[in-house]
Each structure stands twice: as C-alpha cells, then as structure tokens.
Amino acid sequence: SQQGEEDPQALSIQEGENATMNCSYKTSINNLQWYRQNSGRGLVHLILIRSNEREKHSGRLRVTLDTSKKSSSLLITASRAADTASYFCATDRYDTDKLIFGTGTRLQVFP
Amino acid sequence: GAVVSQHPSWVICKSGTSVKIECRSLDFQATTMFWYRQFPKQSLMLMATSNEGSKATYEQGVEKDKFLINHASLTLSTLTVTSAHPEDSSFYICSATLGSSYEQYFGPGTRLTVT
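Line by line, the protein sequences are chains G and P.
Under the working numbering, think of the first position of the first sequence as 1, with each following residue one higher.
Under the working numbering, think of the first position of the second sequence as 1, with each following residue one higher.
Since the hints were derived computationally from the structure, they do not count as laboratory data.
A few of these clues could be false.
Claimed, not checked - Mimicking SDA-like on lysine to any residue, the simulated pairs with C-alpha atoms at most 20 Å apart in a straight line are:
(1) G/Lys98 with P/Met45
(2) G/Lys98 with P/Gln60
(3) G/Lys26 with P/Ala2
(4) G/Lys98 with P/Lys64
(5) P/Lys41 with G/Ser39
(6) G/Lys98 with P/Pro8
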C-alpha cells in the first residue's frame with residue numbers, strides 16, 4: 001500500500017498543551033497537506049506545504065517537512081477542546097493530482 | 001474557499017438495491033472529482049478519479065461495475081453503488097479540484113448503511 005503512516009494513532013492532552021502529530025510517506029511528493037475531520041463529517045483543509053518548503057505556519061499550526069526522511073509533522077500550539085478531531089496528512093506526486101492519505105491521528109483535547 | 005456538496009448526507013437501503021450519491025461543486029467548475037471511501041476510525045481510501053466527459057479511472061481493487069461513476073458536467077459527479085450489500089456500508093466522500101497543483105475541496109460525506 002502507498003498509504004502514509006501517522007503517529008501517534010491517538011493522542012489525549014489537556015487544553016493549553018501542544019499537540020504534535022507525525023506523518024511518514026513512501027514516495028517522492030509534490031505537496032503535503034494536512035486535513036482535519038470531525039467525527040462523521042467531511043474534511044477541512046488546514047495547510048499545504050510544498051516539497052521545496054521546510055516549514056510553514058498558519059495561526060496556531062506549524063508544519064514541518066523533511067523530504068530526506070519523507071516525513072512531516074503538525075504542531076498545534078495552545079490546544080483547545082474544539083481541536084478535538086482526527087487529523088490526516090495527504091500527499092500528491094508531480095505526475096498525478098491524486099491524494100494519498102495517511103492513517104490519521106485521533107486527537108482528544110480535554111477541557 | 002470553494003464549496004462542494006453531497007446528497008444525500010445519509011441513506012439507508014436494503015440489500016440488493018442501488019443507491020446514487022451526488023457530488024456537486026457549487027461555485028466553481030471542477031476539472032476532476034475524486035471519490036473516497038472511509039470505514040469507521042480509518043483513513044480515506046481513494047476509489048476512483050472522475051473527469052468530465054470521460055470514463056472514471058478506478059483504483060486497484062475497486063470494482064467498476066459495482067461502483068458506477070458518471071461525470072456528466074463540470075459541476076456534477078455521481079457514484080452509484082449497485083446491488084448494495086451490508087459490506088458496502090461506509091462513509092463516502094467526494095472531492096473536486098480545478099486541476100493539478102490546486103487544492104482539493106471535500107464534500108461533507110454520505111453515510112451509507114445497507115441492511
């Protein structure tokens with residue numbers, strides 16, 4: 001399977017703490033994206049990082065990309081209970097616009 | 001951002017019947033639409049890529065006669081689950097894009113339950 005791996009599979013933290021999720025993938029990529037999914041809902045696009053970028057910020061989100069290790073991380077700072085959701089990374093390649101999703105991390109933030 | 005809708009949001013059907021799910025891009029013309037399937041607590045698995053006016057490209061292991069995809073216009077793609085069985089029960093999500101190098105916009109998903 002080409003599917004990426006994410007770890008941890010599940011993460012429980014208290015409000016105010018930081019949450020870090022990691023994603024590893026298998027092939028060369030064009031872009032890597034992070035998505036959020038609330039239970040039983042569709043996906044919300046969080047951030048896109050291109051293969052020639054190493055770090056990107058958006059509000060409380062910080063994404064890093066290490067193409068030599070084929071890995072990325074998503075950091076959510078000062079987490080809130082409303083951040084409780086599943087988070088997925090997704091990669092696409094230069095020769096296709098198909099997205100390959102990682103296995104996901106279920107984040108639970110306790111108030 | 002662009003909006004993609006799906007209809008219905010949930011459907012219950014009896015085994016052996018067929019179910020059609022619609023995916024619409026509401027405020028843009030999508031060159032490509034994708035259909036995904038998601039089992040509980042699992043990730044999204046791409047089923048097929050759909051381009052307007054041409055046959056869909058199915059991923060390995062996805063039965064094209066079971067999951068019929070029609071992409072009649074730049075704003076509408078439909079997925080028909082034919083002769084549904086309980087194992088087809090799942091969450092089906094579509095996405096639409098303007099093309100490569102553009103973001104994919106996801107629909108809210110359709111939960112199918114086959115009894």
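* For the pair supplied as a hint, G/Lys26 and P/Ala2, is the alpha-carbon distance within the 20 Å limit? -> violated, 30 Å
* Are the Cα atoms of G/Lys98 and P/Gln60 separated by 20 Å or less? -> holds, 14 Å
* Asked: Taking only the CA atoms, is the gap from G/Lys98 to P/Pro8 under or equal to 20 Å?
  -> violated, 24 Å
* Asked: Hey, P/Lys41 versus G/Ser39, does the alpha-carbon distance stay inside 20 Å?
  -> holds, 9 Å
* Asked: Does G/Lys98 pair with P/Lys64 here, judged by a C-alpha cut-off of 20 Å?
  -> holds, 18 Å
* Asked: Is the Cα-Cα distance between G/Lys98 and P/Met45 20 Å or less?
  -> holds, 11 Å
Comparing the model with each earlier hint shows violations of hints 3 and 6; every other hint is respected.
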